[in-house]
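**Q** Sequence:
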Amino acid sequence: MPVLTTEVISNVTKAGGRPFAQYAIILVNNSGFSANVYLEGFSVSNGSQSIFAQETLTLPARGTAVRNYPAFFDFAQFIVYASMNQVTVQAFAIDSNHAYTKLPVVPMNYKRITSEFRNNILVTASEQAVLSYRRTSNFALPTQFGAALFAQGVEIVSSLPIRYKLVQGGTVNGTFQSFPTPTTNIPTDSTALQVNFTCTTVTGGRVVYEGQTFGASEAFFNAVILFDDNRLADLPEEQPLTLVVSAIDGPDQIFVTFRMIEEW
151 MPVLTTEVIS NVTKAGGRPF AQYAIILVNN SGFSANVYLE GFSVSNGSQS
201 IFAQETLTLP ARGTAVRNYP AFFDFAQFIV YASMNQVTVQ AFAIDSNHAY
251 TKLPVVPMNY KRITSEFRNN ILVTASEQAV LSYRRTSNFA LPTQFGAALF
301 AQGVEIVSSL PIRYKLVQGG TVNGTFQSFP TPTTNIPTDS TALQVNFTCT
351 TVTGGRVVYE GQTFGASEAF FNAVILFDDN RLADLPEEQP LTLVVSAIDG
401 PDQIFVTFRM IEEW
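Counting in this note's numbering, the sequence shown runs from 151 upward without gaps.
Treat the hints loosely; a few may be bogus.
Unchecked claim - When the alpha-carbon atoms are kept at most 20 angstroms apart in a straight line, the in silico EDC-like pairs for lysine to aspartate or glutamate are as follows:
hint	residue 1	residue 2
1	LYS164	ASP245
2	LYS252	ASP224
3	LYS261	GLU360
4	LYS315	ASP224
5	LYS252	GLU190
6	LYS315	GLU277
7	LYS315	ASP245
8	LYS252	GLU157
9	LYS261	GLU190
10	LYS164	ASP224
11	LYS315	GLU305
12	LYS261	ASP339
Everything labelled a hint here was simulated from the structure, so no lab data went into it.
Construct all of the structure, not just a fragment, from the sequences and the given hints.
**A** Here is the structure:
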């Protein structure tokens with residue numbers, strides 16, 4: 151999960167000194183894209199709380215990083231924000247004899263679902279981009295740096311079968327804009343996304359998900375498609391994620407909603 155935390159680590163002085171001399175944090179990016187990580191370490195000693203570790207770093211695809219911190223505090227806790235789902239974190243407390251104690255790392259449920267819809271779209275057999283998302287540069291740092299964004303699902307209302315696909319990357323025409331939009335009232339500072347609802351084409355990129363919906367002539371059919379393995383539909387840095395549709399059996403007028411999950 152993109153927001154991970156250790157439990158509170160007790161390192162209170164006992165006979166012979168503190169149990170641990172240092173902490174080690176190991177970060178591994180298992181994705182095929184670079185991943186941004188924001189790391190914080192909090193300490194509590196003599197009733198006072200402070201930040202003793204604070205760092206932003208970018209892990210290359212399949213890259214790793216190790217960070218070591220001295221353990222001078224009665225209690226400590228680490229929180230890691232990662233921009234890609236496939237970043238894993240391991241934490242260890244190390245004593246003066248260099249013996250390692252593995253620390254539990256658990257996910258934190260900071261998330262929201264952001265959506266946009268587009269109505270009365272005329273689709274034909276030719277592929278057409280209808281909605282696209284990308285990261286915004288206006289979201290508050292450092293949360294923006296480590297925000298994980300990925301597709302949750304789409305909803306398509308049509309009277310005929312529709313083919314759909316998600317394209318990661320590429321070049322999208324139209325204009326990306328910040329929320330709120332004319333149809334979706336989300337405060338600008340409540341989302342790490344920008345949306346493009348004027349797009350019609352995407353050039354290049356790669357398909358990460360595709361399928362088709364049912365339809366019935368002269369009757370609207372509502373297809374809700376949830377992306378179970380949404381880790382495949384991550385939103386990498388500086389790359390859009392675009393929903394593309396086309397008609398299977400003749401032109402149709404459709405209504406589309408595209409939802410994204412945000413974790414930060």
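**Q** Checking each numbered hint in turn, tell me which of them this model violates, lowest number first.
**A** 3, 4 and 7
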